[in-house]
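What follows is the residue order along each chain.
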Amino acid sequence: MTLDKRLRGVKRFPLSLLFSMVGSILVLFTILTLFNMIVQQLVLEPTGFVKAATDPLVIESILLTLYASFLATLIAVIFGTPLAYVLARHDFPGKNIVESVIDVPVIIPHSVAGIALYTLLMRRSVIGTAFQNIGVVFEDSLWGIVAAMLFVSASFYINAAREGFQSVNPRLERVARTLGASQWRAFHHIALPLALRHLFSGAIMAWARGISEFGAVIIIAFYPMIAPVLIFYKFTTGGLRGSQPIAVLLILICFAVFIGLRMSSKYWERRQ
Amino acid sequence: MIALEQVSHDWGDFALTDVSFSVADGEYFVILGPTGAGKTLILETIAGFYIPREGHILLKGDDATHTPPEKRNIGFVYQDYALFPHMTVEENVAFGLKMHGSPKETVEHRVQKIMEVMQISHLKERFPTTLSGGEQQRTALARALVIDPDVLLLDEPLSALDPRTRENLRDELKRLHQTQGTTTIHVTHDQTEALVLADRIAVIIDGRVVQVDVPSKVFNNPASVEVANFVGVENVLKGRILSNKDGVARVDVGTYQVHVLSSLGEGDVHVFVRPENIILAKEKFQSSARNVVEGQIIDVTQFGAVFRISMDTGLSAFVTKQSVDELGLQARETVYASFKATAAHLIKR
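Protein sequence lines, in the order shown, are assigned to chains Y and A. Throughout, the working numbering is defined as the position within the first sequence, counted from one, plus 3. Throughout, the working numbering is defined as the position within the second sequence, counted from one, plus 8.
Derived from the structure by calculation, the hints contain no laboratory data. Computed from a predicted model, the values in this text were never measured in an experiment. C-beta: ideal position from N, C-alpha, C; glycine also. Hints are not guaranteed to be accurate.
Partial selection, computed: residues in chain A whose CB lies under 10 Å from chain Y [stated by the list, open to error]: (1) G109; (2) I155; (3) P157; (4) S324.
Could you put together the complete structure from these sequences and hints?
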C-alpha cells in the first residue's frame with residue numbers, strides 16, 4: 004500500500020483523523036524532549052560531547068550498565084522461561100496470585116524497591132550473610148546492581164514469554180507427543196522455537212528496562228556507578244553542562260543497540 | 009486390539025461417563041455424535057493426554073491407562089491438522105521418525121515413500137501455511153502414518169474441507185485403509201462419512217456411548233429416540249402394541265395402526281421409520297407393503313437434492329424432484345404413504 008492510499012484510509016473516517024491529531028501530541032512530546040536535548044548537545048556543544056564520549060570513566064560506566072542489565076536479563080530468561088510456560092499452559096489454584104506477584108515490581112516506586120532489596124540483601128541480613136560466605140556481596144557491587152535490575156525488569160520478560168507460549172497451539176505439542184517426543188522434547192522442538200520471537204522481544208524489553216533503572220540501583224549500589232547514577236551525580240555536582248553529554252551518549256548507544264536488535268528480530272521473523 | 013473399559017473423566021463443565029467399546033485390529037471404527045458430545049476428548053484420552061478418573065484403556069491387550077503419549081505408538085490427526093508451522097512438509101513428516109531415533113537412511117526412505125503414497129512429494133519444501141486444506145490434510149496423515157502406528161486417531165479429519173475435496177479425501181481414506189490396514193478410529197458428526205467409511209459405529213451423546221453397531225443397524229435400528237433423531241430417522245411415533253402374530257406386531261399409533269416385524273409383545277413402544285423408506289402414491293394400490301397410511305400433505309421442503317414431504321399423520325417421506333413434479337405433491341393434497349413391515353423398527357418405551 005502506498006502512503007497516499009493509507010492516508011486516504013484515515014481521511015475517510017473523520018473521527019480517526021481527529022483522534023490521530025490528538026494522539027500525535029503524545030508522540031511529539033517524546034520526540035521533542037529527546038531530540039531537543041540531542042540536537043542541542045551535538046550542535047551547540049559538540050566539544051563537551053566528544054569529551055564525554057572519550058572519557059574512560061563514562062565509557063566504563065555505560066559498559067557496566069549494559070553488562071549488568073544483560074546479566075539481569077539472562078537470569079530472567081533462565082528462571083522466567085519455565086515459569087512463563089507453566090503460566091501459559093496450566094491452570095492451578097493461586098495462579099492469579101502468582102501473576103499479580105510478577106506484576107508488583109511494575110507498580111511500586113523504584114526507590115521503595117531499592118530499600119526493600121537493600122534490607123533483604125545487605126551484609127547484615129540473613130541472606131546477605133549467606134551470600135557473603137560464597138563470596139557474593141550486594142552492597143555497592145555489580146551483584147547489587149544486577150539484583151535491582153532483575154527485580155524491576157523480570158516481569159517484562161515473563162509476561163512477553165507467557166504471551167509467546169500462549170500463542171502456540173497446544174495441539175502442536177500434543178501431536179509431537181504422539182509422534183514419540185517426550186514432554187521436554189515437545190517443548191524444545193515445538194513450543195520453544197515457535198515462541199522464540201516473543202522471548203527475544205521480551206528479553207530486549209527487560210534489558211532496556213534494566214538499563215533505565217535508577218531508583219532501586221542507587222540505594223543498593225551507588226558504586227560502581229552505572230550510567231544513570233553517574234548522570235545524576237554529574238547533574239548534582241556539575242549541572243546540565245556536566246550531565247547532558249553523558250545522557251546524550253547513553254541515549255545514542257541505546258538507540259543503536261535497540262534498532263540493531265529489532266532489525267535482527269525482524270529479519271528472523273521474515274526468514275520464518 | 010484397543011479397548012476402553014468404563015472410562016469416566018471430568019473436565020469441570022464436561023464429563024465422559026462410563027465409556028466402553030473395543031476396536032479390532034484393522035477395523036475402521038467411527039465415533040459418531042453431535043458437536044460437544046465429547047468425541048475429541050475420547051480420542052485425546054486414548055492418546056494419553058488425560059488420565060481417566062476411572063476405567064482402563066487397553067492397547068494391544070495391555071493396560072495402557074498410565075502410559076505416556078509418546079510410548080503409545082498412536083497416530084493423531086486433528087481437525088485443524090496441527091502441522092508444525094516452522095517446519096517444511098518434509099520435516100513435519102520426518103518428525104516422528106527422528107523422535108524415535110531412526111537412522112538417517114531409514115528416515116529418508118520412509119518419509120519419501122509415505123509422501124509418494126499421500127501424493128505430497130512435490131510439496132516437500134513448502135511450509136504448512138502455504139498449503140491448501142486438502143494438502144495440509146495429506147501432510148498430517150503422512151506425518152501420522154510414517155511411524156507405522158498401532159492405531160490411527162482421526163478427529164473430524166474432513167470437516168474443515170470444501171465439499172468436493174472432502175468427498176475425494178473420504179474416498180482416499182477408505183482406499184488408504186484398505187491398502188495400509190491401519191486400525192483407525194475416526195470421529196465425526198457427519199452421518200454420510202460414518203456410513204461410507206465405518207466397519208462399526210459408536211454413537212456418543214453427552215459423553216456417553218449410546219449404541220455400538222454396524223452402520224446398517226445404527227441407521228435402521230437405532231437403540232434410542234436420541235440416536236434415531238441424530239441419525240436421521242425422522243419418523244418417531246409413539247405407539248402401543250395391540251398384538252403380535254407370527255412375529256408381526258400390530259401397533260396402534262393414535263389415529264391409525266401399523267404392522268411392524270418385531271418380537272416384542274404387548275406394551276408401549278416407539279416406532280422408527282426412515283423417511284427414505286416411505287413410498288408415496290396419489291391412489292391406493294395393491295402391493296406387498298403391509299402399511300398404507302392415508303394423509304394430507306402439510307409441508308414440502310427442499311433438502312439438497314431431495315424433498316421432504318410432511319404429512320398430518322406424523323410421517324415424513326423423502327422423494328426426488330421428479331416425483332414431486334409427476335405426482336403434483338403440494339400442501340393440502342391427499343397421498344397414500346406406504347412402507348413394509350420390515351422397514352420399521354420398534355423399541356420399548
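Going through the hints against the structure:
1. Nearest Cβ of chain Y to the Cβ of G109(A): about 8 Å, under the 10 Å cut. The hint holds.
2. Look at I155(A): its Cβ gets to within about 6 Å of chain Y, closer than 10 Å, so that hint holds up.
3. Taken as an interface hint, P157(A) checks out: its beta carbon lies about 8 Å from the nearest beta carbon of chain Y, inside 10 Å.
4. Because the beta carbon of S324(A) sits about 40 Å from the nearest beta carbon in chain Y, more than 10 Å, this interface hint is broken.
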